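Undergrad: Read off the chains here:
2 protein chains.
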Amino acid sequence: MEDTTFPEVVVKEAENTWGRWWGAAPPHSPTHPALHFGAIPATKKLLCFEVLVANSKHALLPGGLDVLILNHIGYSYFNYFNGDVGHIRKLLETNFLSYVAMTVSALPMLKESEGSIVVVSSIAGKTAIPFTAPYSATKFALDGFFSSLRQEFIIDKVNVSITLCILGYINTENAVRAVSHAIQDTPAPKEECALEIIKSGVLRRRELHYPSRTVGSLLLLRDIAPDFLDSLMRRAYKVENIRRT
Amino acid sequence: MEDTTFPEVVVKEAENTWGRWWGAAPPHSPTHPALHFGAIPATKKLLCFEVLVANSKHALLPGGLDVLILNHIGYSYFNYFNGDVGHIRKLLETNFLSYVAMTVSALPMLKESEGSIVVVSSIAGKTAIPFTAPYSATKFALDGFFSSLRQEFIIDKVNVSITLCILGYINTENAVRAVSHAIQDTPAPKEECALEIIKSGVLRRRELHYPSRTVGSLLLLRDIAPDFLDSLMRRAYKVENIRRT
Numbered sequence: 048m049e050d051t052t053f054p055e056v057v058v059k060e061a062e063n064t065w066g067r068w069w070g071a072a073p074p075h076s077p078t079h080p081a082l083h084f085g086a087i088p089a090t091k092k093l094l095c096f097e098v099l100v101a102n103s104k105h106a107l108l109p110g111g112l113d114v115l116i117l118n119h120i121g122y123s124y125f126n127y128f129n130g131d132v133g134h135i136r137k138l139l140e141t142n143f144l145s146y147v148a149m150t151v152s153a154l155p156m157l158k159e160s161e162g163s164i165v166v167v168s169s170i171a172g173k174t175a176i177p178f179t180a181p182y183s184a185t186k187f188a189l190d191g192f193f194s195s196l197r198q199e200f201i202i203d204k205v206n207v208s209i210t211l212c213i214l215g216y217i218n219t220e221n222a223v224r225a226v227s228h229a230i231q232d233t234p235a236p237k238e239e240c241a242l243e244i245i246k247s248g249v250l251r252r253r254e255l256h257y258p259s260r261t262v263g264s265l266l267l268l269r270d271i272a273p274d275f276l277d278s279l280m281r282r283a284y285k286v287e288n289i290r291r292t
Numbered sequence: 048m049e050d051t052t053f054p055e056v057v058v059k060e061a062e063n064t065w066g067r068w069w070g071a072a073p074p075h076s077p078t079h080p081a082l083h084f085g086a087i088p089a090t091k092k093l094l095c096f097e098v099l100v101a102n103s104k105h106a107l108l109p110g111g112l113d114v115l116i117l118n119h120i121g122y123s124y125f126n127y128f129n130g131d132v133g134h135i136r137k138l139l140e141t142n143f144l145s146y147v148a149m150t151v152s153a154l155p156m157l158k159e160s161e162g163s164i165v166v167v168s169s170i171a172g173k174t175a176i177p178f179t180a181p182y183s184a185t186k187f188a189l190d191g192f193f194s195s196l197r198q199e200f201i202i203d204k205v206n207v208s209i210t211l212c213i214l215g216y217i218n219t220e221n222a223v224r225a226v227s228h229a230i231q232d233t234p235a236p237k238e239e240c241a242l243e244i245i246k247s248g249v250l251r252r253r254e255l256h257y258p259s260r261t262v263g264s265l266l267l268l269r270d271i272a273p274d275f276l277d278s279l280m281r282r283a284y285k286v287e288n289i290r291r292t
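Residue numbers (our numbering), protein chains in the order written: chain F, 48 to 292; chain W, 48 to 292.
Worth flagging that the hints you see were computed from the coordinates, not collected in a lab. Just to be clear, a hint being listed does not mean it is correct.
One copy or two, it doesn't matter: identical chains are merged, so the pair holds either way.
Here are the simulated lysine-lysine pairs, BS3-like style, with alpha carbons at most 27 Å apart [claimed, not checked]:
1) K204 x K285
2) K285 x K158
3) K158 x K246
4) K158 x K204
5) K204 x K246
Computed from a predicted structure; not experimentally measured.
The shape of chain F in the complex, shown without the other chains (with noise of 0.2 Å):
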């Protein structure tokens, strides 16, 4: 699962890159208030765009908003699913509904810029992954969401684009921690992950697949042989140190 907060790498090349982007970064930057969402709780973050927003972009975005990037995520946990349909509407709230609200309220300054949503999902939203029912759940949504809205875009020549980020085993403090006694992989490199989301965005690439290779192959697998991609992913798992809680 990835992390809510983006390394330290992150930020210089956002500042070389570009100077208006909002939706994640490092928590101690609470004086720009382009770059301080990344300190606080997802729903939070969420009224606190929404209150900026309505307050006029211009006051504090004088510049615009050329891209934004949807990254929080709410706790879950990584274990059988234990029947919790409560825990899968609250994290659906944070995971997605908080994902299209704050595209909602972002599009006009987009539309504006004809500026970018960059949108940071997981390969647990994209195949049968065991132990993450609620996390999947949400983090599909996002797909059938953001893809079915990038295809209105361009039909309507709305000049946004949507890039939806399908990250694999990437070794942020949060990621490590929730799975790294299940998991056999090595992690990859998180500053090398958020220049690739940056790049994917700043392209306007449809999908970014990190690390490429072994995201892209799980996703051929998935439709040319499920049954075998199923095993392998279940076989992926040291299933002796998922203990139920």
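For this one, chain F is given, so just place chain W on it according to the hints.
TA: Just chain W now, with coordinates in the frame of chain F:
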């Protein structure tokens, strides 16, 4: 989009094949407790189901439960996304969260019978279709949740099969009313579709693709030529007939 009721032929087939199934049925069988959910709204279906389960399966389902068919949907528009996040939240309750809740309620009985769960979805739950963003989000969420759960069942040696049905354009009354003005294809027959749904559940298949050639081709293109598929999907609609409401 699929209908919420099953045609007569399915009922006959079901009664000939097995006597213990639940979740979708014709409105004219109100006296059969295992076959009366098709006639009432989806939210009430869930309540009825939970009350019935809580009241004791032996009183109402003396033979237990072999198959849970999840097929109901709430109303959604076929049009450009209108920015209404509340509509998506409500649709998630009916099209997705109620499926999870019914599965949780039925699971003890299904484990006992080593039964099957059949989840009816759509090609809009697998690939990017324009004008269906809220609906697609809910159908993608089903894929994410139930595909992950299937993996956990296999790992946990729970012998309950999960079949995800990916349906194309079917000639049910609801589907034809909703999209015939905008779709150029000829819909596939609902009777054959319903039989394929039943067969796929009985045969404990991973997924049903119906009509198989159309859906199979689209899913293959999705990964090997996604931009081409997107373009095909956009051209499949009479966009001039989509009027913003």
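Undergrad: Look at each hint and say if it fits the structure.
TA: Structure-based check of each hint:
| no. | hint | result |
| --- | --- | --- |
| 1 | K204 x K285 | between (48 Å within a copy, 16 Å between copies) |
| 2 | K285 x K158 | between (46 Å within a copy, 25 Å between copies) |
| 3 | K158 x K246 | within (20 Å within a copy, 48 Å between copies) |
| 4 | K158 x K204 | within (10 Å within a copy, 51 Å between copies) |
| 5 | K204 x K246 | within (23 Å within a copy, 43 Å between copies) |
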